[in-house]
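The lines below spell out each chain.
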Amino acid sequence: MSLLAMSMMIATQGLVIISTIYFLRKVLNSPKK
Amino acid sequence: MIYSLFLRINQSIYNMEQNSVSKEAWGSRLGLILAMAGNAVGLGNFLRFPVQAVQNGGGAFIIPYLICFLLMGIPLLLIEWSSGRYGGKFNNHSTPYIMKEMGKSPMWKYVGVFGIFTNIAVVAYYTYIESWSLVYVLHSVFGTFDGMSQSQVAQFFVEYINVFTTSTGIPFEAVFFYVLVLGMNVFILSKGLGGIEKVAKIGMPLLILFGVLLAIRGLTLGTSGQSELFPDANAWDGLNFLWTPQFDTLANPKVWIAAAGQIFFTLSVGMGTIQCYAAYLNSKDDVALNAVSAGFVNEFVEVVLGSSIVIPIAAGYLGLDWVLENAGFGMAFQTMPFLFQQWGEIAAAFAGVFWFGLLFFAGITSSLAMGTPWMGFMKDEFGWGKKRGAWSFGALALIMGLPTVLFYQYGVFDEFDYWAGTISLVVFALLETILFSWVFGIGKGWNEITEGADIKIPDIYKFIIKYITPSLLLLVFLGALFTPYQNEWMININSLWEGNGWNLDDGSIIKNISNAGLRRKLQTLTNEEDIIFLKDKIFFVNMARLMLLALFVFISYLVYLSYQKRLKEKNP
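So the protein lines, in turn, are chains A and B.
Note that the first sequence covers residues -17 to 15 in this note's numbering.
Note that the second sequence covers residues 5 to 576 in this note's numbering.
Simulated from the structure, these hints should not be mistaken for lab results.
As the structure is a computational prediction, the values presented were derived from the model and not from experiment.
Among the hints, a few may not be true.
Below, a list of computed lysine-lysine pairs in the DSS-like style, where the Cα atoms sit at most 25 Å apart [unchecked claim]:
id, chain 1, residue 1, chain 2, residue 2
1, B, 515, A, 8
2, A, 8, B, 288
3, A, 8, B, 466
4, B, 93, B, 466
5, B, 391, A, 8
6, A, 8, B, 205
7, B, 391, B, 569
Put together the whole structure using the sequences plus the hints.
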């Protein structure tokens, strides 16, 4: 696997994982359950 | 006459069921988000996304894909969530009256018919795929695929969908399991939102767990799957192709239309299910954070898990060339069981349960959502309780679905998928976006989105929702209407520019209506048997369209009856 492909995969999947966790944490920490 | 009879029957049902009808509501916010994410996460996340990426420039595909997610996906989620909650304020839980309320014109309720029609038509064949997944879970446990070659596994599927053969000893097993799975859906739906929420709370974490386990295998397989037949097989080649950006493809409109289409279908927008789910929110509940969260859970399943299973595992055993040649929906059932066999009997059984279990949960959480618009409509307008709503939905789905099972090989299944599962969604989403942004008004619409919001949606989205999203949807629709020959946009644009006209592909809506592809093929055939088969196919394809049209007219008539009833009750 080339470095470019690896970087693309890690960057994209990382971005999606971080965003998902960020929004779900916001939901779980919200006072409105 | 028919109308008064209908009202009389309905009144007695209404009286009978009034006591059992209580106000529905979601049990928890997380349950709602998981149910919404479950609605969006479907078979397409694992099968359609990686194939689209492979066919449209690998890693470069992700760039238009993410841009379309921000410019079309998120806006459509916001529109549908807020429209649904708005409708709920007026006790409307399905799109005909949600849209009528927003459009302030009785005609909009007939546009809203799409939001019930699509669900019944799609669930009719979607539950068939769910039943395949369930049967394949059982066969994985029983070791049916042990020792089978790849062609034998592929042939097993072909024989399974022939309703006259049996792999379990149960006569007409394809029909039996289809009815069984439809029955499971009806049973859960008859428990109301509580039942759906429970399934989502169990199904979604299991789906993610199964997906993560398979993805780990896909990412670590490397060259360990090489064989004499496929000495160059390498899972990394699959990942490499999937993620290497071919930037030159970004200039190709085909890639952008494919990316917009993928975003559109993966989020389950344009169906009317999101509006229905959101209609059960309280008027002050958040929709912005909920919508974005559910959207990102879907993206996680698609971009992280969906890209790490089928393609790398298939490339790991069969090589990249095989994947590029055979990438498609059939891989799930005709290839994956064979690949799992390479891991040994026990591991193959587990992998089969994980993979087909994952597909089953992805399917059932979506099909359950498809039942709610019909149930919501019948409850709002005719006072039907959960049980009656669920069973009538099941009956309609069965009537529509049996031809897709019995005449699968004649293209009935594909025809339903094309008109109900593809074209209807785009048309409805385009119209609902115009309604929200231009008729209801972006000012009022923006207030609906931001009211009670737990996150700040950037103001730029006001502009995006009003101009960009409808333009993109129009582009997707025109792309389907005038698909150029062999999907070669640049060649056809040049041809048009040089005055040589636009050559339509047989897959375009315009050519499809006249069965141009099938008729052309018919002219080339010489074998009598093939000619008879193709003539039969054209007949069944036309019958499938008539069935869909009849369903649309039937629901429109119910909407008309409900409006007459509302007028009588002075509550239009």
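Evaluated hints:
no.	hint	in the structure
1	515/B - 8/A	violated, 48 Å
2	8/A - 288/B	holds, 18 Å
3	8/A - 466/B	holds, 23 Å
4	93/B - 466/B	holds, 23 Å
5	391/B - 8/A	violated, 36 Å
6	8/A - 205/B	holds, 19 Å
7	391/B - 569/B	holds, 22 Å
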